[in-house]
Amino acid sequence: MAVDRRMVGVFGAAFVLRLLLICVFPSLPDLLTGRVEVSTPVNSFKRLQEGLYLYIRNVSPYDGGVFHQAPLLLPLFSLLPDIHNNPTPTAIIYFTVDLVNAYALVTISESGQSIQSRFHSAIRKHVRWDGVSVAAWFLFNPFTIATCLARSTSVFTTSGILFAVSNAVGGNSINAMLALGLASYLSLYPALLFIPLVLLCYDRVHQTSKQPPKAALYILQHAGILVASVAGLLALSYIITGNFWEFMSATYGFHLLVPDLTPNVGLWWYFFIEMFDSFREFFLGVFWLHLASYVGGLTARLRRQPLFVIASLLGVFAIFKPYPSISDASLYFAMLPLYRHLFPLMRYTFFAISAILYSSLLGPAFYHLWIYAGSGNANFFYAITLVWSLGLSILLADSIFSALRDEWEQDNPDMQGAEIKQV
Amino acid sequence: MTAKSGDSVSPSASAFTSDSSKSTKRVPPPESSESIQTRFRVIASFWAVIIFLGFPIWWKTTSIYRAHLPIQEMVDWADGKTCRPVYPLEIHVAAPSLQLTESQHLLRTTQHTLDDLNEFAAHHLRLKLANDTVAHTGDDKVDNLDNRPSDADAADIALTVRVLPEEGLVTPRSELQAHTTQLDVFYPPSQIPSPSTSNPPLSTFIAQELQRIYGEEKATIAHILSGESSALDSTSPELTESISRRLRRSMQYAETYHLSFSLFTPGSAPSSWDIEAAIQEYLAPLLHAFSPISNFTIDTQVQLYATFSPMTPAPVYDEAESAWTLKKEDLSAFINAAEWPLNPSIGSGPTLNFILYVPDPSQSPMIVKENRASSWIVPQWGGVFLLNPQLEKNQANPASLSQDSLQSAFKTFSHQLLTLLGTPSTPASLPLRLQTLVRIRAASLLLSASSTMGSLARLTESLPSIPIPANVASSVSITLSHLSAACSDLREGRFNAALASARIAENEAERSFFEKTMVGQAYFPDEHKVAVYLPLLGPIGVPLVVGLIKEVKRIVAAWKARRRAAV
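Residue numbers (full-length UniProt numbering), protein chains in the order written: chain A, 1 to 423; chain B, 1 to 567.
Because the hints were derived from the structure by calculation, they are not lab data. No residue lacks a Cβ here, since even glycine has one placed at the ideal position from N, Cα and C. Hints may contain errors.
Covered by chain A, per the in silico footprint, the following chain B stretches (three or more residues, Cβ under 8 Å) [stated by the list, open to error]:
{"#": "1", "stretch": "49-58"}
{"#": "2", "stretch": "530-538"}
So the derived list for chain B, only partly shown, Cβ under 10 Å to chain A, looks like this [as the list claims (entries may be wrong)]:
{"#": "3", "residue": "E34"}
{"#": "4", "residue": "S45"}
{"#": "5", "residue": "I64"}
Please model the complete structure; the sequences and the hints are all you need to start from.
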């Protein structure tokens with residue numbers, strides 16, 4: 001793909017905007033790093049600093065129970081100059097990662113898989129944005145900018161997922177699995193994307209090659225690649241930390257058992273604060289199964305559009321994963337513009353967007369009332385996270401509905417534009 | 001949030017109203033077999049997660065683990081069916097001046113008299129010739145030597161009676177040594193019992209002496225074993241009263257006691273005391289002697305400007321005594337509990353507080369009005385000692401209290417400690433008193449651990465919903481094995497070993513009874529589970545269940561139709 005001028009303009013503008021923000025407001029990154037909406041225990045840059053400090057001094061980074069991120073981030077960040085004296089190189093790296101993510105989005109969009117795939121061809125093909133516009137939606141999304149400035153490590157997970165998808169739509173299935181392996185290694189939950197991703201790869205192979213391989217064998221092969229890539233990363237981590245079970249329990253055990261109930265924009269923390277101790281394990285199981293059960297259902301229902309399944313699952317994760325932050329929402333919002341052709345079919349966009357805006361404005365205010373002013377309590381903030389999740393859920397449900405409607409209209413061309421009633 | 005799972009299922013089942021421009025109703029297009037199959041797959045995938053992952057997790061995380069407990073055995077212990085504690089005290093008799101036959105005769109007759117006197121069968125004294133006498137006097141008693149048990153199994157020797165002749169005595173007399181377990185009996189040489197007499201006066205005398213020495217212990221153990229109400233018939237009411245008073249005053253048994261020594265003074269002096277040396281010198285030997293029974297930790301503090309509380313009646317100057325006096329009934333208000341920093345408990349064990357109060361020179365000397373005493377015990381709490389330094393007129397208190405000036409205080413504290421720990425007041429010999437305490441503690445710990453076992457058994461029977469973790473079961477089995485070890489040790493007369501086992505048994509029994517995870521569930525009735533499950537699982541479950549029912553109906557209908565077509 002030729003590098004066109006518009007793309008350079010958008011990417012350059014996004015870079016300059018970020019640079020301007022940290023130059024004009026030098027304290028902004030540290031402020032954002034401390035916000036619970038942006039930094040959760042599993043992606044906080046502050047906690048990474050703590051782990052880095054211990055790592056550089058040859059102490060196990062997981063001592064002290066503050067750091068819960070993947071060990072491979074440590075040697076990477078230890079190469080960077082000291083963040084307190086010289087924060088710019090780190091910031092530039094994060095900016096670059098954002099631009100790279102945006103480039104992956106451009107690739108996905110240009111492939112056209114979102115409107116035309118093996119089994120499916122959208123009816124409103126002409127209603128779409130090109131790759132650069134989709135990248136612009138991602139790069140100028142305030143949630144993305146906040147995540148980037150806060151130097152949250154979830155941007156690396158985002159990269160992993162976006163590159164997995166962009167490689168998959170490009171037909172490069174092995175790279176897709178490797179990228180998914182990196183994302184799963186960093187944050188565990190992307191492993192749930194395996195089934196739709198491998199179906200996406202498979203459909204892609206079907207479209208291009210004359211003699212497609214057998215489905216079961218293909219899936220098994222790719223599962224093997226994914227497992228091998230994760231195992232390789234784990235082996236590297238073992239070399240770095242030297243204590244396998246310590247880092248496993250401090251990272252994946254932390255993701256699975258949710259011991260840190262610091263408030264965040266998700267639904268888990270309040271629920272588990274209130275939970276009776278004896279039922280804690282049971283509801284941990286329920287919550288994780290709830291998260292995982294969407295994979296099968298959505299994949300089966302939307303078998304014709306695996307890319308849309310991935311996008312919807314990212315939305316589900318942004319709502320229901322144990323430590324969500326606005327970076328997860330920004331990833332979902334990055335995938336949505338690929339489905340510009342579904343927007344005319346959506347019914348509750350106004351309500352969903354109002355709820356999201358309302359909660360993103362009131363959330364910080366209520367958090368301030370609760371923690372700093374002391375005139376509110378935990379319910380204030382929890383209520384606003386409920387509204388946030390409600391907004392995302394409406395958006396998600398509405399987009400799934402319109403995707404189904406799109407499929408249905410494809411099956412019944414005579415019913416286009418007919419009013420429908422759900423029973 | 002759950003509507004979405006319904007959404008992903010239901011739009012394919014949507015019905016469609018007609019175009020408003022046309023009046024005739026258009027029938028929605030029939031569902032294709034493909035979409036029916038898709039719906040089946042969606043429902044199946046949700047239910048597969050529920051059945052293959054959800055139910056195992058539910059089963060694993062909410063099933064109540066109840067380890068097997070030997071309920072019957074525990075109840076038997078509590079009812080006292082398994083073990084009847086007996087106290088065979090081994091008493092060695094050494095009569096170096098007597099012939100072997102004579103001493104054997106003496107032993108036999110004394111034992112006979114003792115058995116006649118004894119009315120509490122569980123506690124009996126067994127006389128035995130001391131080994132050195134045997135070895136010394138005869139080679140014809142080789143079997144006696146062979147019977148001598150090996151050291152590990154040897155019964156504790158409770159007391160050694162040395163029978164010694166002394167010229168110029170008319171009647172026998174006895175002397176109990178205060179620092180050893182030895183009773184010296186002196187007898188006039190004329191009273192050497194001849195083998196023919198059946199009831200020589202010397203035997204009677206020794207028996208009565210022994211009876212006297214162990215009278216209080218016997219009464220106490222009878223009191224503990226038989227409960228509050230019934231004591232021995234022969235016990236005098238005064239003795240019963242003093243035993244129950246002592247039991248009231250003394251602390252509950254604990255593995256570790258915390259001793260807190262505090263110096264309080266209303267002024268600025270004395271501001272230091274030579275406490276470490278004093279404890280080393282006066283208290284450490286006693287604590288060492290106590291080590292088989294309990295452990296101790298110690299802390300000390302000095303509090304200056306410690307005033308009485310406003311409620312306390314001020315001491316009154318008594319001209320006749322030329323001293324400031326406190327009334328006996330006011331002593332309970334002496335300690336200013338609100339302001340004096342006397343920590344109620346540090347760590348796990350109970351705290352015993354010992355207060356050394358140095359009155360202000362203007363109120364010195366200070367004594368108790370009724371009996372001129374300068375110390376008293378606060379039952380189950382500690383002791384107070386009023387230290388009045390020897391002062392000239394208008395002289396200030398010394399800035400520092402030396403080790404010597406603390407001697408009287410620490411002697412008193414030692415006595416108070418003995419009392420607070422439940423040591424009997426007789427006999428005079430401290431080793432004997434401690435031995436008695438060992439036996440008393442072994443009895444009470446045995447009973448208390450047994451009754452805890454019984455309570456635990458009743459608890460597990462009556463609350464079927466509480467979990468019983470594996471460590472409770474192992475604690476119970478440790479308790480039971482140590483209880484039986486303690487019981488057999490008692491039977492063999494090894495009281496120190498019995499106490500050690502009983503201590504472990506008591507510890508484990510308490511640990512199993514107060515297991516944290518058991519208690520949490522005890523207050524969680526089954527009805528609450530509805531409130532736990534329904535709010536989340538209800539909304540999730542309804543669309544899933546309805547979807548499943550619809551799907552099953554469809555499959556059944558299709559199956560019937562196919563059968564009808566086949567027929």
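Practice item. Check each numbered hint from earlier against the structure, then list the numbers of those it violates in ascending order. Key: none
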